[in-house]
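Visitor: Residues per chain are reported as follows:
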Amino acid sequence: MKREDSHLSDQDLLLNVDGELSTYDGRLARAHLKACWKCRVRRDELENAISGFVRFHHSQFEAKLPPPDGPRALLKAHLAQLAATEPNRSSSWLALLRNLRWALTVAVCILLAVGLFLSNVGRRTSRPQMAIVSIPDGRLTPGAALLVDRRKLCTEPNIKNKEVPVALRRRVLEEYGVASAEPRAYEIDYLITPALGGADDIHNLWPQSYSSTAWNADVKDALEDRLREMVCDGNLDLTEAQREIAANWIAAYKKYFHTDKPLPEAR
Amino acid sequence: MSSNLTEAAARALPIRSAAYPGGRRDRLEEDVVALFDEFRDPLLRYLSSVGMAFPDCEDVIQEAFFALFQHLHQGKSHDNLRGWLFRVAHNLALKRQYRTRRDLEVPSEPGAENSAMDPAPSPEDQAAYRQTRLRLLAVVEALPEQDRRCLFLRAEGLRYREIAGILDMSLGAVALSLARSLTRVARRAKQCNL
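Chains L and V, in that order, give the protein sequences. For my numbering, count along the first sequence from 1 and bump the result up by 182. For my numbering, count along the second sequence from 1 and bump the result up by 36.
Simulated from the structure, these hints should not be mistaken for laboratory data. One or more of the hints may lead you astray.
Calculated lysine to aspartate or glutamate pairs in the DMTMM-like style (CA-CA distance at most 25 Å, straight line) [said to hold, decoys possible]:
1. L:437 <-> L:369
2. V:112 <-> V:66
3. L:258 <-> V:62
4. L:258 <-> V:204
5. L:246 <-> V:73
6. V:112 <-> V:62
7. L:246 <-> V:62
8. L:334 <-> L:383
9. L:258 <-> V:66
10. L:258 <-> V:99
11. L:334 <-> V:99
12. L:437 <-> L:415
13. V:226 <-> L:226
14. L:334 <-> L:227
15. L:246 <-> V:204
16. V:226 <-> L:227
17. L:437 <-> L:319
18. L:258 <-> V:183
19. L:334 <-> V:204
20. V:226 <-> L:200
21. V:226 <-> V:183
22. V:112 <-> L:382
23. L:436 <-> L:419
24. L:436 <-> L:407
25. L:334 <-> L:426
26. L:246 <-> V:92
27. L:258 <-> V:92
28. L:334 <-> V:115
29. L:216 <-> L:426
30. L:258 <-> V:94
31. V:112 <-> L:407
32. V:131 <-> V:204
33. L:437 <-> L:422
34. L:443 <-> L:383
35. L:258 <-> V:65
36. V:112 <-> V:74
37. V:131 <-> V:77
38. L:258 <-> V:115
39. L:246 <-> V:95
40. L:220 <-> L:200
Taking the hints into account, I'd like the entire structure generated from these sequences.
Guide: Pasting the structure below:
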């Protein structure tokens, strides 16, 4: 969907019901549904179809599923048999090599953990309760992207800002020194949106203010849509779009919207 | 349609995230059996829905969990084991179906409609309920095979991305397929005044 006043297709309604729309599209869909009786009725019809189908699907099996005890016992027996037939490797030279590899892995993990701990101590002590600005801290959020094919990316729906797991969200807020902030004040945003191949990685996440500045999450959403359209229309290289949004998304907004300040509809 | 419990279970996986070097084999076995307890019924429903007889479904599920044990034993990824299990079971089922086409069984025989699960109390209501189910069954069975698979996977709580991975489709194709199927189901439900 592109505009708040355009009716929603069945596919958009379903994506909305299933929580699979991007943040931006989800917001447009909700705003439209508030105002449109026709789409609300259609949404209810689809939800009724879902509940009818799920009831039907489960009632087909409720009384018929064989009890799990026998198959569970069979699985245990198979696993026990596998253990009995496996060669005893503990005395072979392979076991020595394996143990050596484990020891090396453990040593490397310990070194990494110590390194991470020290770097976190450094980070926290040098920037207590930093203020949030519209541009993410490049040291914490340099951006991270997946290797994706442009054509494949463009055939997928514009699912941009997937929900960030709570634990990861907390880590991002801690890193930025705003762990105690009001949760609704920030969107934990992808610097490079997944709709442009951005990765689910803490280096690609940052707490973006919804309202504290003119350059807020809504404005960035508008840029993300514009860049995706350009990439999918073949007017912009995907790597270039990723690079520009990661380097300075505000500069990219100014460049691609030909303006020095956010356009009213994006705010 | 999503199941929050299943969703939470999928996020919570792995039960124990550490790798399983030699001495922890017993613990790995316990974890695989715990996953079996959690996902055996959804897998059974899905495989049966797409046309496999229960004994074949059970065989496929045993193979899938055996493969899961080896997968984890080799220290491979613990990410989204629910999606992994459905994908492996789906592929094993396809192979088996190709091998033994003649053994395919229609998932719900007409006699099943007399199931004791009808919740309606009066004979008239029971008859109406059975009629509705038969109509819904006709709609679902008329769907293209891939659409049915999408619908049944979603009914088991899998997210679009997981379904796309299992059926080797794009996310857009999953969304389109589900919308197409549910539009038909909704149309039939409307005709029946559900």
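Visitor: Look at each hint and say if it fits the structure.
Guide: Status of each hint after checking the structure:
no. : hint            : in the structure
1   : L:437 <-> L:369 : 24 Å, holds
2   : V:112 <-> V:66  : 17 Å, holds
3   : L:258 <-> V:62  : 11 Å, holds
4   : L:258 <-> V:204 : 31 Å, violated
5   : L:246 <-> V:73  : 17 Å, holds
6   : V:112 <-> V:62  : 17 Å, holds
7   : L:246 <-> V:62  : 32 Å, violated
8   : L:334 <-> L:383 : 21 Å, holds
9   : L:258 <-> V:66  : 9 Å, holds
10  : L:258 <-> V:99  : 12 Å, holds
11  : L:334 <-> V:99  : 32 Å, violated
12  : L:437 <-> L:415 : 18 Å, holds
13  : V:226 <-> L:226 : 11 Å, holds
14  : L:334 <-> L:227 : 32 Å, violated
15  : L:246 <-> V:204 : 30 Å, violated
16  : V:226 <-> L:227 : 8 Å, holds
17  : L:437 <-> L:319 : 21 Å, holds
18  : L:258 <-> V:183 : 35 Å, violated
19  : L:334 <-> V:204 : 12 Å, holds
20  : V:226 <-> L:200 : 21 Å, holds
21  : V:226 <-> V:183 : 20 Å, holds
22  : V:112 <-> L:382 : 20 Å, holds
23  : L:436 <-> L:419 : 18 Å, holds
24  : L:436 <-> L:407 : 14 Å, holds
25  : L:334 <-> L:426 : 21 Å, holds
26  : L:246 <-> V:92  : 15 Å, holds
27  : L:258 <-> V:92  : 19 Å, holds
28  : L:334 <-> V:115 : 23 Å, holds
29  : L:216 <-> L:426 : 36 Å, violated
30  : L:258 <-> V:94  : 14 Å, holds
31  : V:112 <-> L:407 : 37 Å, violated
32  : V:131 <-> V:204 : 15 Å, holds
33  : L:437 <-> L:422 : 13 Å, holds
34  : L:443 <-> L:383 : 30 Å, violated
35  : L:258 <-> V:65  : 8 Å, holds
36  : V:112 <-> V:74  : 21 Å, holds
37  : V:131 <-> V:77  : 21 Å, holds
38  : L:258 <-> V:115 : 23 Å, holds
39  : L:246 <-> V:95  : 17 Å, holds
40  : L:220 <-> L:200 : 19 Å, holds
In this structure, the hints that do not hold are numbers 4, 7, 11, 14, 15, 18, 29, 31 and 34, in rising order.
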